[in-house]
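Asks: Here the protein sequences come in this chain order: A and B.
The numbering used here numbers the first residue of the first sequence as 1 and each following residue consecutively.
The numbering used here numbers the first residue of the second sequence as 1 and each following residue consecutively.
Keep in mind that the hints were calculated from the coordinates and are not lab data.
All of these numbers come straight from a predicted model, not from anything done at the bench.
Mixed in with the good hints there might be a few duds.
[To be verified] DEER-style ranges, computed between Cβ atoms:
1. 311/A / 67/B: 50 to 56 angstroms
2. 77/B / 29/A: 31 to 37 angstroms
3. 1/A / 130/B: 21 to 27 angstroms
4. 59/A / 121/B: 20 to 26 angstroms
5. 430/A / 135/B: 56 to 62 angstroms
6. 256/A / 48/B: 58 to 64 angstroms
Where a beta carbon is used, it is the ideal one built from N, C-alpha and C, also for glycine.
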Amino acid sequence: MNWILLTPELTLLLAAALFLVLACLKPDPRRDYQLAVSMAALTVAAGIACATMSGDLFNHVYRVDLFSQVFKALLSIGFFLVIFLCDDFQGVAPTHHGEGYFLLAVCTLSMMMLASAVHLLAIVLALELSSYSLYILVFLRRDSRWGMITGLRYFLVGASASAIMLFGLALIYGVTGAVHVDILIQRLPAMLDRPMVVTGLLLTLAGFFFKLAVFPFHFWAPEAYQGAPNPVAAFIAAVSKVAAVAILLRIISLAQGNSDLLTRGLIAMAVVSMTVGNLAAIAQRDFKRLMAFSSVAHAGYLLLGMLCMTPAGYAAAMFYGAAVLVMKYTCFMVMTRVAEDGGNLQIDELAGLHRRSPLLALALMMALFSLGGIPPTIGFSGKLIIFVAAMQKGYLVLVIIAMINVVISLYYYLLVLKAAYLDEPTRPRPAISLTIPARLVAVVMIVLIVGLGFYPVALLDLVQAAVLRLP
Amino acid sequence: MSILTLLFYAIALLIVAATAMAVTRRNMVHAVLYLVLSFFGTAMLFYLLGAPFLAALEIIIYAGAIMVLFLFLIMMIRLKKLPGMFFPVGQLLPAIFICAGFLAVSSVLVGGNPEGWTPMPAAQASPAAFGVYLFQTHWLAVEIASMLLLVALVGAYVLGRRVRGPSADTRKEAP
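Model the full assembly from the supplied sequences, consistent with the hints where possible.
Replies: Right under this line is the structure:
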């Protein structure tokens with residue numbers, strides 16, 4: 001076995017082991033943070049260095065190819081950014097910082113495995129591992145008003161989604177007798193007219209839709225975002241969505257585009273997700289709840305790319321997954337810096353942000369414009385690529401519905417922006433002081449959002465090459 | 001009717017009766033003990049069907065480890081008996097509804113035309129062969145499962161400390 005292929009995973013495993021030991025020693029938040037950032041930087045280096053490798057590992061259960069490696073590089077970058085945000089980590093008691101970093105590392109590790117696994121058993125176990133670490137991360141919230149109840153609710157919805165997914169997998173196994181993706185690819189397309197196979201596939205997708213917060217499985221999102229410590233909410237909103245896109249692409253591509261029933265099911269979910277997410281977001285006053293419903297809407301856009309079941313559609317979804325990582329992370333970064341003592345942030349508390357910290361206000365503006373799809377931002381190019389892919393398949397009505405949704409979403413994004421730029425604060429608040437690395441990250445995020453909006457070709461070429469590895 | 005069939009129905013009856021008792025007991029300790037009895041019955045069924053290894057696992061893991069853990073928990077938490085009906089009507093009605101649906105679907109399935117049914121091939125393996133298969137072809141899954149257990153352990157530790165009351169630092173902060 002070629003262990004070099006596993007370098008990103010092994011680095012994360014090392015980080016997890018390190019923090020498991022540190023969690024047992026005397027807590028020291030400063031030391032834990034510095035160690036976590038350096039381990040995360042190592043992971044990013046490993047993720048990017050291994051980006052072009054390929055091979056099969058663990059008796060053909062684990063596939064390392066461009067598709068999985070691009071996702072791993074994105075996941076490791078997301079992991080680094082979230083760890084970087086933990087510099088005060090106020091939402092978690094100082095005694096539990098070690099456990100927090102341990103769980104974040106394990107969660108990222110399991111998501112990397114999710115991107116690479118091609119055996120259904122390994123996929124299910126990796127999904128469970130990532131879910132369970134997230135449940136406990138939500139529980140870690142110091143304020144017991146939030147952590148306990150929301151963690152429990154998140155866990156119950158997640159456990160039901162897992163049960164539904166296992167039932168679907170049992171149906172697929174019952175019909176095809178195969179659990180390896182390579183064999184499923186050969187056997188499934190011929191059986192796609194059977195209701196049992198389509199039911200099985202849709203139920204299987206339910207487990208992954210839970211991760212992406214697609215409509216019938218989105219009920220956990222607002223509570224979990226609100227109840228989680230702020231960096232953890234950023235992790236759920238930005239990083240875990242990337243992993244969900246990876247595994248959804250892997251499973252949906254099994255059908256190889258010749259299932260009418262499956263496409264119809266996905267279309268219904270995409271439309272309802274967009275509409276419900278955007279309409280519910282209008283009424284929100286809490287920043288994290290608003291972002292949660294906006295996540296539901298973005299899950300709808302992502303699904304729109306995937307349900308085309310063409311390489312163009314898959315590439316569009318992958319591009320948009322990377323865009324969601326950048327946009328959502330920037331929003332949560334601003335929120336974490338503005339919120340006092342790691343608490344939740346109401347939207348009217350953003351008032352006067354452009355005076356308290358012009359850089360953060362600019363970052364928030366760019367991220368919101370990008371989420372709303374205003375050119376020239378990465379969100380605009382991402383949406384454009386998805387809509388073009390859908391038009392190629394002739395889904396004109398779907399694209400029009402999505403565009404109406406984009407307009408609705410602009411309304412509440414602009415409300416947030418109005419609070420940050422135009423509203424006067426009710427009482428004067430001190431300016432927000434940022435460390436130099438924090439400034440640097442904010443500038444890099446702004447550059448990424450605008451740069452990839454002007455020049456999306458570099459990333460687009462990469463994802464187009466990556467999705468060719470799918471059947 | 002052969003002796004094996006007789007044994008099968010006797011054990012099946014025992015399992016159903018024990019499970020019914022487990023579901024309806026108000027005393028949690030009694031319920032757990034009935035559930036252990038039901039697991040023993042299931043283990044015997046596995047043995048009858050020619051899977052002694054599975055029977056042993058059933059007793060060691062389900063009846064042994066998990067149920068003993070349940071007993072520990074019940075004794076530690078000391079649940080108070082709740083007054084009123086065991087199942088509130090709001091829960092009972094949907095439950096009956098779902099059971100009726102399940103009964104209808106399964107009777108249609110069982111009573112359907114058995115033409116075109118193929119029995120699944122029975123797989124028999126010695127514990128050694130099973131272990132070699134598991135650790136050779138699925139060792140990634142075994143590793144992930146072990147990490148899952150580790151995460152569960154960390155979670156139990158964190159939750160256990162939370163349940164016992166606010167930790168020292170939160171108490172200090174409270175005015």
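Asks: Tell me the hint numbers this structure goes against, listed in increasing order.
Replies: Of the numbered hints given earlier, the structure breaks just one, which is hint 6.
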